[in-house]
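Take 223 as the starting number for the sequence shown in our numbering and just add one per residue.
Derived from the structure by calculation, the hints contain no laboratory data. Keep in mind that the hints are not guaranteed to be accurate.
Simulated restraints, written as ranges between beta carbons of each label pair [stated by the list, open to error]:
(1) D228 x F266: 29 to 39 Å
(2) V274 x A237: 19 to 29 Å
(3) D228 x C250: 32 to 42 Å
(4) G226 x A257: 15 to 25 Å
(5) V278 x G226: 29 to 39 Å
(6) C250 x P229: 12 to 22 Å
(7) A232 x A257: 28 to 38 Å
(8) G226 x A271: 28 to 38 Å
(9) D253 x G226: 39 to 49 Å
In this text, a Cβ means the ideal position worked out from N, Cα and C, and glycines have one as well.
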Amino acid sequence: MVTGWDPVSAAAVEAFSAQRRPLNDLLCISDTLLAATAVSPLPFGELAATTVAPAVARAHLLHLLWHH
Numbered sequence: 223m224v225t226g227w228d229p230v231s232a233a234a235v236e237a238f239s240a241q242r243r244p245l246n247d248l249l250c251i252s253d254t255l256l257a258a259t260a261v262s263p264l265p266f267g268e269l270a271a272t273t274v275a276p277a278v279a280r281a282h283l284l285h286l287l288w289h290h
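Please take these sequences and the hints and turn them into a complete structure.
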């Protein structure tokens, strides 16, 4: 970790890098997210809200971003 980072930045980097591990997609959230982005770009929170489980969708969004 770089010294002098504010706690919010450090937490964001930690949350993002945690998505390196495999993630099961039992609800097919990733497919829903990818279909929604094919229609038009959306902010992160709005994109997550298009799914049946926004909290799960946020984890899948981070996972997709990490593996992109």
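Results of checking the hints against the structure:
Taking the beta carbon of each, D228 and F266 are about 20 Å apart, not inside 29 to 39 Å as hinted. In this structure, V274 and A237 meet the distance hint of 19 to 29 Å, their C-beta atoms being roughly 22 Å apart. Between D228 and C250 the Cβ separation comes to about 36 Å, which falls inside the hinted range of 32 to 42 Å. With their beta carbons about 41 Å apart, G226 and A257 fall outside the hinted range of 15 to 25 Å.
The hinted range of 29 to 39 Å is satisfied by V278 and G226, whose Cβ atoms lie roughly 34 Å apart. Judged by the Cβ atoms, the range 12 to 22 Å given for C250 and P229 is violated: they are separated by roughly 35 Å. Evaluation of the 28 to 38 Å hint for A232 and A257 yields a pass: the beta carbon distance comes to about 33 Å. Restraint check, G226 to A271: a C-beta distance of roughly 34 Å satisfies the suggested window 28 to 38 Å.
The hinted window of 39 to 49 Å between D253 and G226 holds, with their beta carbons roughly 41 Å apart.
Violated hints for the displayed structure, listed by number in ascending order: 1, 4 and 6.
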